[in-house]
Amino acid sequence: MIHSVIAAATEWVSPQVDYHALAPEIILATGLCVVLLADLFLDESRKWIISSLTGFTLLGAMLPVLTLGLSESSVRSMFDGRYVVDEFSVVMKAMFLIAGYVVVLLSTKHVEEDEYWQGEYWFLLLSSILGMVMMTSSRDLVSIFVALEFLSIPAYMLAAWRKRDIKSNEAGMKYFLLGVFASAVMLYGMSLLFGAANSTLLVDLGKSITATGGLSALHALGIVFVIVGFAFKVSAVPFHSWAPDTYEGAPSPITAFLSVASKAAGFVALVTLLFVAFPQASGVWQPFMWVLSVLTMTVGNVVALRQTNIVRMMAYSSISQGGFVLMPLAVAGMSEVSASALRSVVVYMLVYAATNLGMFAVIIAVSRKTRSGEISSWGGLFSYAPGLATLATIFLASLAGIPPLGGWIGKFTAFQSLLSSGSGWGYALALIGAVNSVVAFGYYGTIMREMWMKPVPDGDTTRVVVPGSLALALGITCVATLVFGVLPGVATHFGDIARITGAFGG
Amino acid sequence: MLVNQFLFLAALLFCIGVYGVIARKNAVLVLMSIELILNAVNLNFVAFALRNGNADGHTFALYIIAIAAAEVGVGLGLVLLIFRNRRTISLDDLSEMKG
Amino acid sequence: MEMLRDHNWMLSVGTFLPLLGVLLLLVVPKANEQLIKKVALFTSIATVAVGVWTLFRFDFGNAGTMQFVDEKTWIPLIKSSYYIGLDGISLPLYFLSMVITLLVVIYSLDHIPSPGNPKAFFSLMLVLQTGMAGTFIAQDLILFFVFFELVLLPMYFMIGVWGGENRQYASLKFFLYTMFGSALMLVAFLALFFKTGAESFAIPYLVEHGGALAKNVQIWIFAGMFIGFAVKVPMFPFHTWLPDAHTQAPTQGSVILAAILLKLGTYGFVRIAIPVLPEAAKAWAPYIGGLAVIGIIYGALGCLAQTDMKRLIAFSSVAHMGFVMLGISTLTSFGMTAAMFGMVAHGLITGMLFFVAGSVKERYHTLEIARLGGILKQMPHLGWILGFSCMASLGLPGLAGFWGEFPAILSAYSPAAGLNETVFRVYMVIAALGTVLAAAYLLWLFQRVAFGEPKPEFAGGGHGHDDHAFHDVNKFEWFAWTPLLIAILVFGVVPNLMFKVLDPAVQVVLSGFKG
Amino acid sequence: MIRSAEALQTLSSGWFLEHAWLIPIVPAIGFFIIILFGKKLPMKGSEIGLLSMLSSLVLAGETAMQWIDRVNSGAEAQFIAPVVRTWNWWQIGGMKFTIGQSIDGLAVIVLVVVAFISTLVQLYSTEYLKGDRRYTHFFAALTLFSAGMLAMVVAEDTILFLLGWEIMGLCSFMLIGHWWEDGANSRAALKAFFTVRTGDMGLLVGVAMLYFASNEWTTEHLGVSGFSIRGISAWALSGEPNSTVILVASVALFIAAIGKSGQFPLHTWLPDAMAGPTPVSSLLHSSTMVVAGVFLVARLYPVFFTGFDILGTGGNFITIIGGITIVIAAALAFVQNDIKKVLAYSTVSQLGYMMLGLGAGAWLPAVFHIFTHAFFKACLFLGAGSISHSASHHSFDMKKDMGGLRKVMPITFTTWVISTLALCGVFPFSGFFSKDEIIDNVGHNGYQLFMIIGLIGAFMTAAYMTRATYLTFFGEARGASAGEHHDEHHDAHAPAHDSHDSHDAHDAHATEHTDHGPHESGWRITLPLVLLAVLALSSGLLNATPFGEKWERIKTWVEPRAEVVMETAPGGPGHSNVLSIPTAAEEGHHDSPCGSETPEEGVCYAPQLQHAPFKWSKAMLSLGIVFLGIALSWLFSTLLYTRKDKRLVGLTERNGVLRAGCNLLINKYYLDALYENVIVKAIAGPIAAAAYWFNQNVLDGILHAVARASRAFSGWVYRNIDQRVVDGTVNNSGKATKGAGGVLAPVQSGKVSQYGALLFSAAAVAALVLVIINS
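Protein chains in written order, with the numbering used here: chain A, 13 to 518; chain B, 702 to 800; chain C, 0 to 514; chain D, 3 to 777.
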């Protein structure tokens, strides 16, 4: 039978390529080559050029994304459906690029002032972003896998960026080992799925489930393992254990990057899989998602309550936020809910990205003065840096989901789609979510309290210097947070148009 | 049909790999165990491809091999880094941060 | 129900003008306190001006119908719109919030509590104002919710930053309590939304369709709202945040809290919970009434046990809001109108009391009743103002408090059809007993604090301060207080000023019960 | 038996009747003027007060004149409709609330009394409180009080009635506590207000019940709301009301009356109220405010009439309370050494008479007693004030600081004696005509027991008043009245004494008159005394039953005629000429059905009452009793106080029974102890504390428990999920592998591998579960 394989392989037709659709990826790819080369030819004094190069690359990549968004032919499918550029992917691409840009802004000064080589940093960042951008369009196990590794491997290295810092090493190592392990498990699942469906195309996976008349154990096993792989990426409890350590050890901009972008990428993949590949298997993943989301937000919250290191607290907070994103997926199997579920995931990720990046921007800015990650070091921030304190308050309140700041619309849409299911499970989850959102204020509140109501710990009230890039980042995120909150129509609009082709066979 | 044996072998490899990852404390060994898993995966793919006469499996396997190489590269790099900084590659010592 | 849409820009302006002030404040340098105060003052004056203009434009002829209605798409996706309007129920509270803010700003001109920083203080106050005013005009549940929550943070910081020794505990308690309530409230809103066919969050729409829901569904949804609102009111078992918040908050905070924030809850009942879910309201009414009277007696007893003046006033709020809730629970337009009046009256009177308490604290640096005494001797004006407020608060006829209290008791005699009369008559008697206790604790307070000779430690001006530590009411205080005092008197003598506005609106609200 | 409408006369009216509502308005305005500008005025605002009171007195007088014309303009047996004017005050929930005046005989007579006495007292105060530090406040409060009382009197509806009622309470609080620097005063003020307020609960409840019970009927038949007093009266007599409702309502209302009029068992505040300045005592706490309770009963008489079925039974709630009050108060008056307290208890006991009269269906005598009592009691108080002001150096202690004053203060003495005789009910002083009528009618209406009580009361009254008179004016001068100076006064009992002694001492320091020794007071004090004395002497003749029908003017003018009235239009008899159809004249109006049975058509506004035919025999009996009292008491006093007779001095110490009784009286039947130490202390103490404890520990406790729990929970999750489960899984997986792999070195798992273990085991578990449930 080997010859049959050969035979199958021989009928080769070169696929037609839609360069407009691929433009963002292409620009990024060239960009990162340029960055790599520039690093070789620029001397230390002009390294700053590289960072701006990176920034421009990302902005450049935005242009085709915009044109794609505006072009009327909404869905562009390539390589017989293995790589699709649809509204969903366009919205997500845009988000990744902007998030990436903000991360660049966060990094500039930070990396310059560090004693490590810059060039690679930008290169790695770009390639990781490229991986994410690819992830949004992947509709095939192979491309998903490749994109996943493409975004993960540079992230491993970025986490370990501060070479001589033990913590950073440890962060990188843990992240790496567990990441690889997770993807290995995921791959095993993929192999099983391939075996069951005899195709790597997501749509075919879905078809195969119906074709074989219901789920085989092979399917179930495969699905679970694959989901595990991405549950790891979104650091859902109990696959979260790497996140706190890595976040704490990694350089702050990277932590921001991981907690926002790579998490989002995980969700993108998860959503694509659930909606395109396994809609019929909702029996398998709905309960799984339910448990995951409950565990994730609860554990994330309650453990966050007892943190003293702000970055670590933000790590747990971002874990529990992930739980909220997962909420609607627990009922997304029902056809009448699926649309709103997808929407709420997208909306939540948009809002969360803006808010969390903003919070990390503040953290970076403040740590430039306090040189410490302890929450207690934030004491009396309001008295000597009212601007930063106010911004921090805005972001925290948004994370806590207090209107009229972005966060509430995310939570709101999540609740909405849960309740629209009308199922007992949905209501139960909504209630748990409601309680959790209150608990969450417990630790967001402690930071606020520290800033507003506590004295300055060491009486040192030198004003915090905020470099221009950081200020810009703060501006962008703050504006986004407020706009999403006050005119939620904007966010929900993106959520609404972000439809995945082939989701639920539609 | 001799596909199943391959699958069983793969499953066995997978389990050994998992056990290795969990039980070994030497970073390099853990890395190797992960490679084991990946190979189990490859085996699966090839076997399924063979059974279903579908070349995608082979392709996938090739991708995996390639990327696994990259991973190992990064991994060893990290191990080296850690060894430089603390003269050991035992994972137990990697517990600066916890809680 | 027909709507009047002319001049509908006015509400938005009146609501968001304070935010403009906040923006101005942000650019003013922190050091330039005078300018900051000016900006805050002018903003609030302008706001009140808009409010007055609204009063003029308001068609009192048909106060029952929504006026200045404005409807703009806001979140099309979840069928929620920026839908605002003003009717007889909203108008008094809407205007009251503006006035109170202005007065508080005036008062703050020379009473910035430590640790100072007027910039932040005024900004928060103005944000607060927007939230409060917005809540009263919102005609869309989601919009209502947003404004409702917008109030939280500023108050949290006002208590937590400018409050007393125990401020952090109090502020967090206040926040979590309310947050918990509103979380459930939101869930209830959503459930309502979907049960009514996921068509719209507009309150009028829900009023039309809510009644059609199955009774048990209504009861459950009502439960959610009940907790949300009852925490804010606060009703008996959920009230424990109030004394702490009030005691710890700075004077301005207490005033706003008492005058407006507590009303958000009761307003929620009248505007949303009851008209939308008539069946559930009927089912819940006896329990609400029960909790209300418990609150009345219980709050009074709490007052009698207090040794701290401010805390005593705080507890008295529990009792007074009990009267309001009793009126509401009768589900008669009579009782509800009384309740609405009671809200405003309580706002004016208790606000006034907190002002006085603040000034006493400022002069004596203590509110320990045992240590105070003879205020009348040292500061006759302050003393008599306190006496006046106490009298008003214990429901003396001819002062505003009476018209909130007496009709509420009266209405309990004959609750709406379908409610158990005997139960409510028992409530009536208990509530009447409450008025006696009210007289007891307020006069007792007055007698201990204002009468008699000043305690030796303060006889000479106290705390080694020279005598000017005991200057009588100063001009800022006069400016801030006179309007309140006049209002208390005027509404006491001519209650119809407000009744004629409230009544038709309440009729409309209750139209669901006629059918 | 309905006669045709031709025979009816239209009733006259007049500007003053129509504008009687101005009577309370004037002093109200006066009050605001005093409050706002009083301090700046030459006479510190007193002139405004006096002026406003004078003008309302004039208004009241004119109104009275016009009312009398109105009465005369009506037919002999015609219902004289009150002059009603109403305005819409406020409406909610579809019910309209009106405010307005309703002037009838009762209103007129009380208006005149209140306006008159207020004027005199204000005049008196200008002298008495000269130089007081809160002179202006005093007059403000006094004026506001008059406004409140007058408003209550003219009130057409229960709401306005309530309003006036409460304002009086407030003023009494402010005036009793006028010298609040002294703790005892403010305590007395608090006690007074609080006790009265307790009664007011009944008023609230009663008004509410009457409103809802009657509203339908009144709107249907008369087109007025259930707050309208006329409406309620008519409804009460319409045979409509359910007997329990109206009974409960009248009990509730009567509780309010008990509180206000210091009836047993709520009378204890009244004596303490004497802590206030003497003018206040004479105005509020003897002649006017305290009769408000009586007025309430008289005003809503039909309600009580039906509620207690007054003509039907030989005893009811009102009569019982009234009877008890008469005796116990009179008994208390014996042991008082403080002249004002004697008068206070005498007031209480006299109020008891009024209540008794009302309760026993003697409406007119009771009202008439309000009238006469006001004069002589005010006179007595002002006399006492005059003594303390000019003679006894601001002390009120009869035993220590008075005696033998008849020579130094002739005017005060004469007026005092006249009033005392009036109070005792000696012919032909005014008291006789009112009090004796009460006793007489009570008996006549079948309340024999209470008639006897009344006679006993009369005896006691005579006795204690004689004692007081003797102690004050006869015997030898003692203490201050003998010119000694001592500013500190001690008194055996009742600290409230001290308190007000020292108060009047307050304005002693304030006033700058520096004369020594007793002397007669200035004209501004004596003039009121004289005027009042004259009235105390003569006012009885206005209704001198003994002299036959034509002397019974008050009866003609005041007593509402119990005739069936056909309402022409809703809006009721408010229109000054009402078409009323009396029953056949030849049968006289005595068998008008009002009260006894329900009129088949039309409504009644007043029940038909009996009037006892006057018999000199009975009068002689009671007069005899009075004289006996005077004689005995005189003898006793001379023996005890002047001769210091061995058999009497210290008798109470020697004789156990007497001592017990004396202590009982001295301690006021221990009622105060009950109220203050038991009830008040319990509520303000343990009960409130308990509630507060509940609040802090239980409710907050729950909250804190939750908080603590969640904190603990987070710790637990951290320890167990993050740590133990991880370790656990590792160890277990380690064991498992050991079991499987056989000989393997014991597992030492590092963190990373723990995480890995967790990751994989979770995946495995999930896979297992889901595979099982899905296939």
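To be clear, the hints were calculated from the coordinates, so they are not data collected in a lab.
One should not assume that every hint holds.
Here are the simulated distance ranges between beta carbons [said to hold, decoys possible]:
1) C:Asp471 - D:Gly703: 41 to 49 Å
2) A:Phe68 - B:Thr760: 34 to 42 Å
3) D:Gly703 - A:Glu124: 27 to 35 Å
From the structure, some residues in chain D lie toward chain A, with a derived Cβ separation under 7 Å [claimed, not checked]:
4) Val682
5) Ile685
6) Ala766
7) Val767
8) Leu772
Idealized CB from N, CA, C, for every residue including glycine.
Taking the hints in turn, this is what the structure says about them:
1. C:Asp471 - D:Gly703: 41 to 49 Å: holds (43 Å)
2. A:Phe68 - B:Thr760: 34 to 42 Å: holds (36 Å)
3. D:Gly703 - A:Glu124: 27 to 35 Å: With Cβ atoms ~55 Å apart, the hint is violated.
4. Val682: violated (42 Å)
5. Ile685: violated (38 Å)
6. Ala766: violated (9 Å)
7. Val767: violated (9 Å)
8. Leu772: Check passed: Cβ of Leu772 of chain D comes within 5 Å of chain A, closer than 7 Å.
Hint check: violations occur at hints 3, 4, 5, 6, 7; the rest are consistent with the structure.
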